[in-house]
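A.B. asks: Just so you know, the protein sequences line up as chains A and B, in that order. For the first sequence, the positions run 1 to 706 when my numbering is used. For the second sequence, the positions run 1 to 706 when my numbering is used.
Simulated from the structure, these hints should not be mistaken for laboratory data.
Partial selection, computed: residues in chain B whose CB lies under 8 Å from chain A:
hint, residue
1, 326
2, 643
3, 653
Sample of chain B residues with no beta-carbon within 12 Å of chain A, all distances over it, derived:
hint, residue
4, 27
5, 43
6, 67
7, 76
8, 131
9, 148
10, 164
11, 272
12, 299
13, 308
14, 350
15, 369
16, 397
17, 489
18, 571
19, 601
Straight-line distance between alpha carbons at most 25 Å, and here's what the computed SDA-like set of lysine to any residue pairs gives:
hint, chain 1, residue 1, chain 2, residue 2
20, A, 658, B, 195
21, B, 308, A, 323
22, A, 642, B, 331
23, A, 642, B, 648
24, B, 351, A, 634
25, A, 658, B, 326
26, A, 658, B, 331
27, B, 214, A, 661
28, B, 175, B, 71
29, A, 659, B, 326
In this text, all values refer to a predicted model and were calculated from it rather than measured experimentally. Cβ coordinates follow ideal geometry from the N, Cα and C atoms, glycine included.
2 protein chains.
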Amino acid sequence: MLVSALFTSLGINSGLCVFFFVLYSILRKQPRYYQVFLPRLLAQGNSKRRRHFNLERLIPSTSWVKRAWSISEDDLISSSGLDAAVFIRMITFCLKVFSLAGIIGLFVLLPANTAGNQLEEIDFTNLSNNSLDVFTISNVKIGSKSLWIHFSAVYIVTGFVCYLLYYEYKYISSKRIAYFCSSKPQPHQFTILVRSIPISVGNSISDSVESFFKEYYPSTYLSHVVVHRTSKLRNLIGDAKRLYKSLIHLQSDPTRLKDKHVGLFGRKADLADRHVRKLEDIEKNVRLEQSEVSLGREETRAAFVSFKSRYGAAIAFHLQQSINPTQWITEQAPEPHDVYWPFFSSSFMRKWISKLVVVVACSLLTVLFLIPVVVVQGLTNLTQLEMLFPFLKILVTIKFVRQVITGYLPNLILLLFLKTVPPIMRFLSSIQGYISHSEIEKSACNKVLWFTIWNIFFATLFSGSFFYQLSIILELKNIPAKLAVAVPAQASFFIAYVVTSGWTSAASEVVRVIPLIRSLVCTNDDLEVPSIPYYRDIPRILFFGLLGTTYFFLAPLILPFLLIYFCFAYTIFRNQFLNVYAPKYETAGKFWPIVHNSMIFSLVLMHAIAVGIFTLKKLSLASTLIFPLPVLTLLFNEYCRKRFLPIFVAYSAEVLIKKDREEQNDPAMVGFFEELITAYKDPALLPIQYSTYTDSLNTPLMSSAV
Amino acid sequence: MLVSALFTSLGINSGLCVFFFVLYSILRKQPRYYQVFLPRLLAQGNSKRRRHFNLERLIPSTSWVKRAWSISEDDLISSSGLDAAVFIRMITFCLKVFSLAGIIGLFVLLPANTAGNQLEEIDFTNLSNNSLDVFTISNVKIGSKSLWIHFSAVYIVTGFVCYLLYYEYKYISSKRIAYFCSSKPQPHQFTILVRSIPISVGNSISDSVESFFKEYYPSTYLSHVVVHRTSKLRNLIGDAKRLYKSLIHLQSDPTRLKDKHVGLFGRKADLADRHVRKLEDIEKNVRLEQSEVSLGREETRAAFVSFKSRYGAAIAFHLQQSINPTQWITEQAPEPHDVYWPFFSSSFMRKWISKLVVVVACSLLTVLFLIPVVVVQGLTNLTQLEMLFPFLKILVTIKFVRQVITGYLPNLILLLFLKTVPPIMRFLSSIQGYISHSEIEKSACNKVLWFTIWNIFFATLFSGSFFYQLSIILELKNIPAKLAVAVPAQASFFIAYVVTSGWTSAASEVVRVIPLIRSLVCTNDDLEVPSIPYYRDIPRILFFGLLGTTYFFLAPLILPFLLIYFCFAYTIFRNQFLNVYAPKYETAGKFWPIVHNSMIFSLVLMHAIAVGIFTLKKLSLASTLIFPLPVLTLLFNEYCRKRFLPIFVAYSAEVLIKKDREEQNDPAMVGFFEELITAYKDPALLPIQYSTYTDSLNTPLMSSAV
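The shape of chain A in the complex, shown without the other chains (with noise of 0.2 Å):
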């Protein structure tokens, strides 16, 4: 790809951006969208949507920007808890971490790139006509000496992120802990769940955990909830909502309901009084069903089992209950609204094969996606394209369309597939037995993660200049040589990526195209304040990440553009934690450690291109002595996972204690532990709500923090 074609990749992105940042600043101005673009102010009742209308409205203003610089990290805990604080910190780091690398890498290492005129002459004259090749490693001289700046920068850097993630580490580890300790007693802090509860003839599941739990902890048991099978009673109350939904639109638009069933059935049809009735019928069925269930009809093998205390609780997890292993397993229990009750209801061999299908179904998913990705990268190779398709060879011959073609639509193209992985893997792990939300979105972020660096990142490699030996890379020994021929050669399809698929998505994230689109397209009065799909938008920064780590001493042209990404991103997702999204449950940071492995992972990596460069670049001392680079590495992770990784999986007894103790002679407490005893009931069995923000939307709104 010659530098003209980024120019253009680069041209269209960023009016795009431009495009973007100022429709956003005028539509979040205009009351019609506020709820597209501020629906947690609308919710919380601090945003009133303004009447009266004035020019000012209507001119782009960067004072958003400002306010989502100047809200600090307590201010966003608090706001939108610990989870959105580390998902800032994971940005902020990469921003660390790629401005030394971009330092050394534009300063240090391009010169010594360009210098190097191991493939051409760089031509300054007209530096839009050079291939992006000349700027990157593969210019550098076979055996040159210049190599060992590569060399020393690898180490520096490798030194730098270690640095970073071990103190990033501590520090989130220490944020957990005192958001644990500064938080007010919460259910599932004193909640374990029980499964595989053995069943005895004649008692009942709820009594069976009584007398166990009574038994063998008397001093800290307090209560339990038996969870019961309700799916077809959440069918029943999803077809309720549904039905109200239409009735409220029936007798908000009243015109529409006289007129064309007049003039349709001939007779004052009442649309409305019908479904009601329906409606009626449907709230008896519930309820119905809803004493069927109370009554024991379809209790499973699983309670939530609640304790007097945090550490009566943490005990009966961590140890084995039952003679049996098999029986009485204990987990920690989720935050009550966080609890993904469907699971609950499928049988063991149903969750079982549900497993194994998930398995095969992400193998199947990586395989197939392989196709587009390859299509794509025959648009990079144009000659190739040309072969196959002769009519093209006409219009390849216009500048702009092969600027076009090979630097901007197949990046366009993977995006738009890329897109619609999240979602399905957020699908696969809901069918893999996980008990929650966070638990769920957390097996789907690791699947899209691992996804996009197999997908993209293996598979950009290995088939625009070799797909055919993807299966030779099996043979770990080969690796390195293979990733040092394969790697600098994509470099500009990579920095055209950061450019497209980086810039835009951050972008279009600003402007939240689908809900705006949504809210074009039909007035929707149903306020939904989302949530962040993290699942989605940290394996797409942690990829970013490995790309940085990967290329920044290959190709140091690829730091600019990713810098700028992160700033984009930084910016844009303190906005929106501000004024779109709102904390569905609170893991207090159990994301992190995925972003420290990926972080290893691309350091490794990394670490495995270097010693297959300087092989290749006949400097064999300097790719000995990367060797002990990459077991270092891996030695830190294992400290680190030994040092802190226990800190997010369980709280230690100390800190239990201490926290317990506080709140002994609370007489808040009382009430607490009273509501702890309802709050695991299964929401399909209290009586249906329609909808949460329905107030706050029918009275006038007025604008105030816009």
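Given chain A, put chain B in place with the hints provided.
C.D. replies: Then chain B, alone, in the frame of chain A:
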């Protein structure tokens, strides 16, 4: 190898076995050898030395066999502990498996093999002239339908083994729990070992421990013993003991003392006096050092912490104690006399390096051990050997020499080399950082097992036929095909191995060759009751299990020899548990998971061989239909890991609480707790004990139980 060569080996070994058994039957009745053959009975005082002579003592008898058979499992548990019973169950397990396999193999598979004629027509007139290969699956015609018999045999035996494995795991689990429930209160049940105790300025480790556990476990904490660095002290005590021993010798042999030195030095040199003075010196030093250590000069950052209940100890063991997961690390305490004290002396860094050294040493040993294996394999390929050493040509023309060389010598050499492995592995495990002898032996057991499988099984397979292709075995896909070629080719070697190594090792076990020789060379009055070296005997028996499992359908001729071996082992080890070995520690069956894993590995290996064989024999349907077997076997193993393994790691809350409640009001517990406080005191800090069994030895002995 011809059948006649096997007969030669069989003849030599049968002769040896008969000789050993007769020798044992006679020698065990001679009072002079009670120390070798009945040390346990002697130490218990059950067997007294008969002074008066009678003829019966010189007639070999089989009464000991009858006695060994008649002892019940419960008696064995009460006299030698659960570990011994589990060891015997391992042998009976193999007996059961190979009885069924033997019936199938000899009456169904063997006729099918000999009827095959793929290799050559069998010579029924002179059986001993046939090659052993005609009795193996190699002789079945390619594509023959009779291979379905082998196929069914694989399925039947796999099913039978899995059923037995499940049954045994369940049985031993229940025995383990029953053993715990019926046990008297023991110090290690109430104690945990705490490591990485943080150092706080101004406080000793002891103070830290006390304040930490008094703070967080006020109701259950009982006491603690900080571990001291006592390597210097242990050396001094060792010196003292050696000196004491030679002093005793001098005193018991006054003639030597006087005569010799009068002649030599010309004066009545009282060596004994000098010894006594030296001993007193050392003892003074020991007391000095002990008092210094007791003053806390050499505290390590580890302590044994005892609790008032088993449940309290379990909670402290299972929960992460400190905010920093690398501090206050807890683990279950071993029995007081099982603690491996030298471990605590080494520093953290030394331990870390030791671990690395152990890994390197194990790999090195494995690689170096291939050399004797290759040499041994050379002996079975006489033609190769003749080419290398032409002078052998004349020698091997003598039929008997030829048969000895191919049938007996290779195994004998291998056997001698193998004898050195268990002690080496035990030593390596001891510097790896385990805190107890039982853990060290368990780890050594695993090491020896995998070493044996790798260095005897795989190295034999791929050196005799194609040693240089060893590296190619790393290609996982080709393993079945290569095994299918190599495994049947080595059938005759392994049949001879069972006879040589198995039978002889069993027979030499009963005669206790080395202690017998030692007792002949020097008369040592210090009675030592040995404990059974599980790390030597379990891998040996399991390796024969592996041979049987992998060869039963290939070369069923191996089975009768194996069955005879297991019968020997059963009789002999029961006899040795009665008369020789006293338990040194009690893991309550923790060795069983090793047995289970080894059998699962054998099964999957057998399946891989079956796949290869059926492919080789062009019965592709059969090789496809084998595939579900390893999958099902591994799923079965996974289930067992979930169902039974946790029982072997820790006891459940249910069991612990029940046991604690039983003893709540037992007045004897007060005394137990008083003892518990000092139970984990380093023996180096106690007054020197010179001999354990001296008293029982010095009294005149009379036989009662021979």
